[in-house]
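Q: Residues per chain are reported as follows:
Number of protein chains: 4
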Amino acid sequence: MKISFKNDYSEGAHPNILQALVNYNEDQQPGYGEDFYSVKAKEIIKSKLKSEKSEIFFVSGGTQANLIVISSLLKPYQAVISATSGHILNNETGAIEATGHKVLGIETADGKLCPSDIIPVLEGHKNVPHQVMPKLVYISNSTELGTIYQLEELQELSKFCKENKLILFMDGARLAQALTSEINDLKFEQLADLTDVFYIGGTKNGALLGEGIVINNPNLQEDFAFNIKQKGALLAKGRVLGIQFLELFKDDLYFELGKNANVQAMKIKKFMTENEIQFLSDTSTNQIFPILENSVREKLSEHFEFYVWQKIDETQSAIRLITSWNTKDFMTDEFINSLYEIIRK
Amino acid sequence: MKISFKNDYSEGAHPNILQALVNYNEDQQPGYGEDFYSVKAKEIIKSKLKSEKSEIFFVSGGTQANLIVISSLLKPYQAVISATSGHILNNETGAIEATGHKVLGIETADGKLCPSDIIPVLEGHKNVPHQVMPKLVYISNSTELGTIYQLEELQELSKFCKENKLILFMDGARLAQALTSEINDLKFEQLADLTDVFYIGGTKNGALLGEGIVINNPNLQEDFAFNIKQKGALLAKGRVLGIQFLELFKDDLYFELGKNANVQAMKIKKFMTENEIQFLSDTSTNQIFPILENSVREKLSEHFEFYVWQKIDETQSAIRLITSWNTKDFMTDEFINSLYEIIRK
Amino acid sequence: MKISFKNDYSEGAHPNILQALVNYNEDQQPGYGEDFYSVKAKEIIKSKLKSEKSEIFFVSGGTQANLIVISSLLKPYQAVISATSGHILNNETGAIEATGHKVLGIETADGKLCPSDIIPVLEGHKNVPHQVMPKLVYISNSTELGTIYQLEELQELSKFCKENKLILFMDGARLAQALTSEINDLKFEQLADLTDVFYIGGTKNGALLGEGIVINNPNLQEDFAFNIKQKGALLAKGRVLGIQFLELFKDDLYFELGKNANVQAMKIKKFMTENEIQFLSDTSTNQIFPILENSVREKLSEHFEFYVWQKIDETQSAIRLITSWNTKDFMTDEFINSLYEIIRK
Amino acid sequence: MKISFKNDYSEGAHPNILQALVNYNEDQQPGYGEDFYSVKAKEIIKSKLKSEKSEIFFVSGGTQANLIVISSLLKPYQAVISATSGHILNNETGAIEATGHKVLGIETADGKLCPSDIIPVLEGHKNVPHQVMPKLVYISNSTELGTIYQLEELQELSKFCKENKLILFMDGARLAQALTSEINDLKFEQLADLTDVFYIGGTKNGALLGEGIVINNPNLQEDFAFNIKQKGALLAKGRVLGIQFLELFKDDLYFELGKNANVQAMKIKKFMTENEIQFLSDTSTNQIFPILENSVREKLSEHFEFYVWQKIDETQSAIRLITSWNTKDFMTDEFINSLYEIIRK
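Line by line, the protein sequences give chains A, B, C and D. In terms of this note's numbering, the first sequence is residues 1288 to 1632. In terms of this note's numbering, the second sequence is residues 1288 to 1632. In terms of this note's numbering, the third sequence is residues 1288 to 1632. In terms of this note's numbering, the fourth sequence is residues 1288 to 1632.
Hint data in this document are derived by calculation from the structure and do not stem from the laboratory. Be careful, since some hints might not be right.
Given that identical chains are not distinguished, each listed pair holds provided it fits within a single copy or across any two copies.
[As the list claims (entries may be wrong)] Okay, derived cross-link-like pairs now, DSS-like style, lysine-lysine, Cα gap no bigger than 25 angstroms in a straight line:
no.: 1; residue 1: Lys-1362; residue 2: Lys-1340
no.: 2; residue 1: Lys-1452; residue 2: Lys-1615
no.: 3; residue 1: Lys-1546; residue 2: Lys-1449
no.: 4; residue 1: Lys-1586; residue 2: Lys-1293
no.: 5; residue 1: Lys-1449; residue 2: Lys-1362
no.: 6; residue 1: Lys-1327; residue 2: Lys-1293
no.: 7; residue 1: Lys-1632; residue 2: Lys-1362
no.: 8; residue 1: Lys-1293; residue 2: Lys-1413
no.: 9; residue 1: Lys-1452; residue 2: Lys-1537
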């Protein structure tokens, strides 16, 4: 069986999480998120955020989180602004549009949005009432291209959104990886003030499933649970999510797992850089996009699984390598050794 | 801590299921339901259904299953027919309407629909195009009132639906309990021909989460996966569902668990009947609705948790007792003993 | 050709309206409701309402008005309360549900809602977040059964809605007929305080098409025009609506036409009452529901068109007779004479 | 008062239409499009199309036509392909997305789509089920940029759509202008075979309001009227639309009016071309986009109304001039004379 670097959801859950599910299994608990574990997990997360005003809701997956948050916060004629690389724009089967809202795409080089990207969109939507009203800015951290927002970038974007009455929503499917990147200077607790809503990705960081939606803006919290139920996202056994987030946050497991994913990718990146391999973009998290000779790529693929991301020219392509919370040293060692064997010839 | 008879999702999962999640945890698998376990579980279920034509899709919960199935199968102007006791009508926060479809309610005594219930609805919707077109019949088995469909009843309903070009959709959140009721004469495999679509409830029968949607009518299968993704129901780690259903169906665990739930409820029912306690309705599954003197009810509630279902008069109320796959003999024994102590005085 | 009492939209428009369309035809005007006539008509209506705070929007028809108002004012999980006789419930092809909202029906004898009708619905929707939240009360005046709200009834309902944070929305497709009924004591201007939103029906009272939505509650006015455009209801030549409402309201044509409709129906009612014909309900507007012997009905139908409304028994049925702004004396005279000829034999 | 070249819906209706509304006003007719005039108008249009299989439905406006057609024909996960200049993409307040469907935009120079534009979109949507399925191709003729489809272009596109199981839908808000352009070689009747659905724009060609949706593909006709009613587009007095289309099509008024619009614009274009004024795009219908010195533009705007379309550089901008069915010779003469006076200095 080949080692896979195709994604960060290839395995089950971190063993601590499975053990907790086993330990608490026989305990009778209320359903629908009222269980002890969910309540406790929310308390701990709020305490780490140092934000009493924030409200937390656990759901199963990222598309679900995105569609519930966006459809709950917007009026029918309001639209979303997203980078064209945004997950909601091209990888969620029109989930946002299916709730009635247009997503306005902005081309970017690095998957990140800044005020100067957004201004032309606002300017271009002044023909009231013949156009949608841009109202919510959707960003991902880390982005779908593996890049992250630095503190100052997020502060500027946040300020811009407040000034323009835009809701700022951060998709944190890979938040752990962003916050533990070696170049990151943004603290978890700063998200409570800098975003209106964000979510804490569990699925891609050691949970079986689960994302924790955090609504920081009290004006946006009212009746949110109705939307979760209406969209079919309220698990009867809410404990399944509560136990997992409790395990991830009671100590710092969440961040340790994110860090491992990054460290493993950076190990490969370092080796490649030293060997003068170029990258499609400069990333600091668990996704890297090296450009390889086709012959090199083909030999690597005999032993490893990964996606070919983009054809560069007749002889080269960029591939995407993703490491995860569960990538072991031996796996990246093996990859590096194989690559070394291939390119030294 | 009181023993709870409030619902059938108070605990975690059957130990075999947890063990399987642990056993297969480190295995790297494709995401989004393409994993080995999901594929295998579907094969086994189809083989038990003796229905090669059926297609199976796993999702997280019942409301999710209901809204995806219904919104996928109907055109914008088509409506659902349901008993007013139907879960979609009053307990899912308008999830069906949120996808654009009206639910037409029919009052019934026992929560079941038969052709003579439906005919007046069809007759009353002939004012084309000023009214919705009734197109899908939603039934639950067992029903929300604990009753079940006998083979002949389902055959008649199925025939009627085919004759009237209505889609027949069975909510099987408690299918295991229906099929293992002591009075049941309907076989699992007969559902493949008698319904267009049904689902196999996991959440209320030993799984952490999970419902298996079975589409028997090939005309309704096309592109169904798009709808699952669009509604945010496609788990990245589809293995979580696959492993559970594999465990439930590789032997007959699914039906054993359903049977235990029924046996425990029937034990209480028998004792009550012998002691001349009346019931709101005559059920044969894991839900019973005994009518108790208020004083009796209050004393019971000191030791047990349950819902007061309906006030009968100044001195009596019906309560709802639900047993589950995980209800142990000692729990129902304790309940019976307590009740005996209370009423013999 | 038979005289038709089937509905109040059988003819074109009042001649003054057509003449105005001809007179102003060559005038170049801005589109989308910014034309001089629309602006002027709104001013006049606001002045008659004595309500500077109200905002007015013209759309083409009643179903359109209903779906735009309701979908604009409700959040996704909020629902509508309506009498089961309400037009939105059974005669608009699920238009409200198609925008995502459940309509909760209440059985009534006379098509009118009062607080005691609504209380049980509110009481029955306390299972947060598993049920929709009732938020908007939809009433019609006159109702679909021809009855009207007296001032005191509307005051009570309005007070109840404010106390319970419910939006009160009046469908005024036949508002002119309600306000000119011989038993009416409600003034047009009182609607500005007693309802959050209502609309002024033009289509059934002399216009070619057109309903004037009046939003009295300033909190509900923001950005309303976006919703009109999004639902396809913003006419490029908004002047078509503006000119018609200007004509209807610059003097009191609107109320004169409503009165004529009522007077003609009451003339028939009086004759029938004197001849001891019974009615299905006691109405004071342009709809009456007399119960006739089948033989009488059949003879009448040789010369007049009308709907058979409800079978009473083997020998009798109620019919619905509708008169209109354009019903002439000779038409009702002819009907009365024919009836006289039939029953005197 | 300035002469306006801002749009083609500044005036009321062609006098023949108003006269017909007056003539038939007192006639009692069935409602909801069952009237004699609607039936007759449909017959005539079908006869001119030489297409017995086509079905015709009249609605009020273009946005309404677009949203009803598209939402009726697509399944929830299917998407629309449109040029980014398409009216549905940027000028209808997200009306299509509000019905649940994504619109995929394609940048074009001339507002027209050809197979080579569409192929990359199809190629880029192969990640089943994580992306929407492109299913309907939306084109406008004439386009929003004033260009038209030549017969061969439409034949190629039509063939491509059939081969790829794509629905071809033509927005004909300005169909009359397209078909009477001096360079047009497409016949009205050819639309019956070359498109699945198109509509005949009345609002911008002499009607008060009204678009005639023509569904040529019998597979797409079933139950279409339900969708019209559900979206609030079924006028009670359908005669208002029927009478207008009867008047437009009983002879060839529809095409004469379109031709006048074109002739007037081409007169201005000719003068400008002779005077070496450049254009933003080369159009042959009633929209022209000349590039003027700012000083020239400002002087013109003292006497005429028009939109500034696009800034070219510091000294020049393109303006949009629209002529209409009702543009008189003296209006364009006056414009040409003014321009002559300005530029000869």
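Q: Go through the copies and call it for Lys-1632 and Lys-1362: within, between, both or neither, with a Cα cutoff of 25 angstroms.
A: This pair counts as neither: shortest intra-copy Cα distance 61 angstroms, inter-copy 54 angstroms.
Q: Within a copy, between copies, both or neither: where do Lys-1327 and Lys-1293 come within 25 angstroms Cα-Cα?
A: Intra 34 angstroms, inter 22 angstroms, cutoff 25 angstroms: inter-copy only.
Q: Is it within, between, both or neither when you check Lys-1586 against Lys-1293 at 25 angstroms Cα-Cα?
A: within (16 angstroms within a copy, 59 angstroms between copies)
Q: Is it within, between, both, or neither for Lys-1449 and Lys-1362, if the alpha carbons may be no more than 25 angstroms apart?
A: For Lys-1449 and Lys-1362, the Cα distance is within 25 angstroms both inside one copy (18 angstroms) and across copies (23 angstroms).
Q: Have a look at Lys-1293 and Lys-1413 and pick one of within, between, both or neither, based on CA distance no larger than 25 angstroms.
A: Intra 43 angstroms, inter 18 angstroms, cutoff 25 angstroms: inter-copy only.
Q: Taking 25 angstroms as the upper bound on the Cα-Cα distance, should Lys-1546 and Lys-1449 be classified as within, between, both, or neither?
A: neither (32 angstroms within a copy, 52 angstroms between copies)
Q: Could you place Lys-1452 and Lys-1537 in one of the four classes (within, between, both, neither) given a Cα distance threshold of 25 angstroms?
A: Neither, since 35 angstroms and 41 angstroms both go past 25 angstroms.
Q: For Lys-1362 and Lys-1340, with the copy left unspecified, which applies at a CA distance of at most 25 angstroms: within, between, both, or neither?
A: both (24 angstroms within a copy, 23 angstroms between copies)
Q: At most 25 angstroms between alpha carbons: which applies to Lys-1452 and Lys-1615, within, between, both or neither?
A: For Lys-1452 and Lys-1615, the Cα distance exceeds 25 angstroms both inside one copy (45 angstroms) and across copies (47 angstroms).
Violated hints, in rising order: 2, 3, 7 and 9; the structure is consistent with all others.
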